[in-house]
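Visitor: Here is how the chains run, residue by residue.
2 protein chains.
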Amino acid sequence: MGHNKLDKFEEKIGYTFINKFLLKQALTHSSYSNEKRMSKLDNNERLEFLGDAVLELTTSHFLFKKYSKLTEGELTKLRASIVCEPTLSQCSKDLELGNYLLLGKGEELSGGRNRSSVLSDALESIIGAIYLDGGLIKAEEFVRNFILTDIDNKKLFYDSKTVLQEIIQQSSQIPVKYYLIDENGPDHNKIFVVEVRFENKVLGTGRGRSKKLAEQEAAYNAIKELKNNQ
Amino acid sequence: MGHNKLDKFEEKIGYTFINKFLLKQALTHSSYSNEKRMSKLDNNERLEFLGDAVLELTTSHFLFKKYSKLTEGELTKLRASIVCEPTLSQCSKDLELGNYLLLGKGEELSGGRNRSSVLSDALESIIGAIYLDGGLIKAEEFVRNFILTDIDNKKLFYDSKTVLQEIIQQSSQIPVKYYLIDENGPDHNKIFVVEVRFENKVLGTGRGRSKKLAEQEAAYNAIKELKNNQ
Chain A
1 MGHNKLDKFE EKIGYTFINK FLLKQALTHS SYSNEKRMSK LDNNERLEFL GDAVLELTTS
61 HFLFKKYSKL TEGELTKLRA SIVCEPTLSQ CSKDLELGNY LLLGKGEELS GGRNRSSVLS
121 DALESIIGAI YLDGGLIKAE EFVRNFILTD IDNKKLFYDS KTVLQEIIQQ SSQIPVKYYL
181 IDENGPDHNK IFVVEVRFEN KVLGTGRGRS KKLAEQEAAY NAIKELKNNQ
Chain B
1 MGHNKLDKFE EKIGYTFINK FLLKQALTHS SYSNEKRMSK LDNNERLEFL GDAVLELTTS
61 HFLFKKYSKL TEGELTKLRA SIVCEPTLSQ CSKDLELGNY LLLGKGEELS GGRNRSSVLS
121 DALESIIGAI YLDGGLIKAE EFVRNFILTD IDNKKLFYDS KTVLQEIIQQ SSQIPVKYYL
181 IDENGPDHNK IFVVEVRFEN KVLGTGRGRS KKLAEQEAAY NAIKELKNNQ
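Chains as they are written, first to last, in the UniProt record's numbering: chain A, 1 to 230; chain B, 1 to 230.
Just so you know, the hints here were simulated from the structure itself, not pulled from any lab data. Do not rely on the hints blindly, as some may be mistaken.
Pairs count within a copy or across copies, as identical chains cannot be separated in the list.
[To be verified] No farther apart than 25 Å at their CA atoms in a straight line, the calculated lysine-lysine pairs in the DSS-like style are these:
# : residue 1 : residue 2
1 : Lys66     : Lys20
2 : Lys138    : Lys66
3 : Lys20     : Lys40
4 : Lys138    : Lys65
Modelling step: build the complete structure from the supplied sequences, incorporating the hints.
Guide: Given below as structure tokens:
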């Protein structure tokens, strides 16, 4: 990767590495190190191991301070909505992280540059690299600027089913129900379609790679719809 | 809890709190706050949430530096052998942490002061409290002094089955086998007894609250026995 490209990425993330090798390593997917017959130890997996723990701590500390009235169980649930593949891959997409990854040819051809797991792992590797290069404070800054933004929306999205039920309960004891109405695509790449209904009226529809994700999206769309009609 | 007792505990852990309330909170089990009708937020569960993440990061960073040739998968396995209830409760016992806990009467009577989960959670709470009071460096010192000691032995204990198989493989392709030979006690408090055998010869016996723990202990005893006979 050219120096210009690394410079551009550093500008984007607002952090300049002392040790550029760490940045390059964080952007090196295992498919690339395999293809180039590099040592396994030079791809981004070890940095991901470390970065995952840095992200866990910075997120936990942030939530601990911000939500002083939440119990341990509520904090754990909230943290899980942030430190999860869908959120992290969305944050990676906001940073256009995919454009900077070093991938092997096979991974490239099969769409690795947009794969949630690849993007989410690489983001954790970047966090691990910043932590090693600049310490906890710098890693914390990065996490706050690019992951812990817009928490209320993230919370809403990943916990939409709970939020929807709370809205409905204000006026009724009847629970909403989720119905699987369609499954598309081949087995390894299925899309589920779910409707959420209240007293047989459809409140929202959602699609996702699992029933659970489709239900969350259906609930999220229902909340948006209910709010528009208020 | 008297000040003398808190002083004594601080001496033991080698850290003096600026904010003594944090220490007291870390030692307050939920059964005590329930009994005294204190707020849930004043027992040690929120500190445990934070301390768990501090422990995860300090352990990950320590292993990352110490084992520069291990892959992410190997590091993850090793970390799991340290950040786990059996190891943490053993560390708590070494610190006699149980003596300093504030417990409710029911928990006290049912043996909570020696319960692995209570001790392990309280140790994480102490780590969270030190982190809030003194920062990451102080928390790291505590973790190194009281948890990350004698790693090789801990590794051996929690991965004894693998180690035993490796020893046997030096001279044979036949795997060792584990046999459940007894189960004692009532359903909610069972003790399993397992033998590990090689070509029908008993190499070691182990006991534990799960088959897995009993197998690990059997393997551990077999390794000790084999080393004694060398």
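Visitor: Honestly, which of those hints from before does the structure not fit?
Guide: none
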